[in-house]
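Protein chains: 2
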Amino acid sequence: MSYFDEMQVGTRRVLGSHLFTRDEIIAFARNYDPQTFHVDEEAAKRSPFGALIASGWHTAATWMKYLLEERTRDDAERRARGLPVPDFGPSPGFKNLRWLKPVYAGDTITYATEVREKLPSKSKPEWGLLMAYNTGTNQHGDLVFDFESTVFVRRRA
Amino acid sequence: MSYFDEMQVGTRRVLGSHLFTRDEIIAFARNYDPQTFHVDEEAAKRSPFGALIASGWHTAATWMKYLLEERTRDDAERRARGLPVPDFGPSPGFKNLRWLKPVYAGDTITYATEVREKLPSKSKPEWGLLMAYNTGTNQHGDLVFDFESTVFVRRRA
Numbered sequence: 002m003s004y005f006d007e008m009q010v011g012t013r014r015v016l017g018s019h020l021f022t023r024d025e026i027i028a029f030a031r032n033y034d035p036q037t038f039h040v041d042e043e044a045a046k047r048s049p050f051g052a053l054i055a056s057g058w059h060t061a062a063t064w065m066k067y068l069l070e071e072r073t074r075d076d077a078e079r080r081a082r083g084l085p086v087p088d089f090g091p092s093p094g095f096k097n098l099r100w101l102k103p104v105y106a107g108d109t110i111t112y113a114t115e116v117r118e119k120l121p122s123k124s125k126p127e128w129g130l131l132m133a134y135n136t137g138t139n140q141h142g143d144l145v146f147d148f149e150s151t152v153f154v155r156r157r158a
Numbered sequence: 002m003s004y005f006d007e008m009q010v011g012t013r014r015v016l017g018s019h020l021f022t023r024d025e026i027i028a029f030a031r032n033y034d035p036q037t038f039h040v041d042e043e044a045a046k047r048s049p050f051g052a053l054i055a056s057g058w059h060t061a062a063t064w065m066k067y068l069l070e071e072r073t074r075d076d077a078e079r080r081a082r083g084l085p086v087p088d089f090g091p092s093p094g095f096k097n098l099r100w101l102k103p104v105y106a107g108d109t110i111t112y113a114t115e116v117r118e119k120l121p122s123k124s125k126p127e128w129g130l131l132m133a134y135n136t137g138t139n140q141h142g143d144l145v146f147d148f149e150s151t152v153f154v155r156r157r158a
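In order, the protein sequences belong to chains V and E. Heads up: take any position in the first sequence, counting from 1, add 1, and you land on this note's numbering. Heads up: take any position in the second sequence, counting from 1, add 1, and you land on this note's numbering.
Bound conformation, chain V alone (with noise of 0.2 Å):
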């Protein structure tokens, strides 16, 4: 049975837990998204938030780098079991991602994923697709992200 076929629908996994500290949030935002609020701590006091937030992207891809060192984690409990690894493809894009809350300086961002739904793809057999459903939660139990995203999972060789 090939990972695709073996993944439920249902299975929700913490893929952990991410402290964004003001130093992080300001490189990340020099590069991408230099707002005075995601760059400036005093100007960012002035503005409606009131205080230093991270760049939307920023933990948008931060939610993608747990991702992955989940998936790492999965593969080698695999391997050491003797399942056979998933081989992930790309990704043909995301619906309705929502940036629900700041997210500041000092906050701990825990990221989660759900599989919501798996498809056969029509046009290349080899491959399905993979619906989850993906949330960023923050210490005080506040949801302050989610999206729904696709990937495609390798079914054989």
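Calculated directly from the structure, the hints in this document are not laboratory data. Any given hint might turn out to be false.
Since the list gives no way to pick one copy over another, a pair counts as held whenever it fits inside one copy or between any two copies.
[Stated by the list, open to error] Result set (SDA-like, lysine to any residue): computed pairs, CA atoms no more than 20 Å apart in a straight line:
1) Lys123 <-> Pro49
2) Lys102 <-> Ser124
3) Lys102 <-> Trp128
4) Lys102 <-> Leu130
5) Lys119 <-> Gly107
6) Lys66 <-> Glu25
Note that the structure is predicted; figures quoted are calculated from it, not measured.
Knowing the structure of chain V, use the given hints to seat chain E on it.
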């Protein structure tokens, strides 16, 4: 008249063009998306893509970089002409992001944004919501990336 009221639906702006170098692709992916086809040139040759490609999150964050550069130029021009400078707030999120084609090392992506709709905020009369359709196109004229964004723009102080 505020910047929000002045904005015309249908206005399209080219934001700029970005060369995705091998080193930059690998540097971003090492931090946020260390899949082999984003970080390992040799392994990428054996992947379904056939060569090193940028993380989709890198392609997306770079759109933001060029949006901000265009905003900075536009603000300076407006100040020089004595026009009000827009005050952008947060984005509640976006929809239907598609990674349509790979972005290879050496590709140059031209980013653009087009105003699609503007809505007064019901709950916050001092803010309006601006909806835009955003694209990335490679040097061959192929659309590689698009999504629909939403951002708050201040209507009055």
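To see whether the hints hold, each was checked on the structure:
1. Lys123 <-> Pro49: between (47 Å within a copy, 18 Å between copies)
2. Lys102 <-> Ser124: The answer is between: 16 Å across copies meets 20 Å, while 39 Å in one copy does not.
3. Lys102 <-> Trp128: between (36 Å within a copy, 17 Å between copies)
4. Lys102 <-> Leu130: between (30 Å within a copy, 17 Å between copies)
5. Lys119 <-> Gly107: neither (36 Å within a copy, 34 Å between copies)
6. Lys66 <-> Glu25: This pair counts as both: shortest intra-copy Cα distance 14 Å, inter-copy 17 Å.
Of the numbered hints given earlier, the model fails hint 5 alone.
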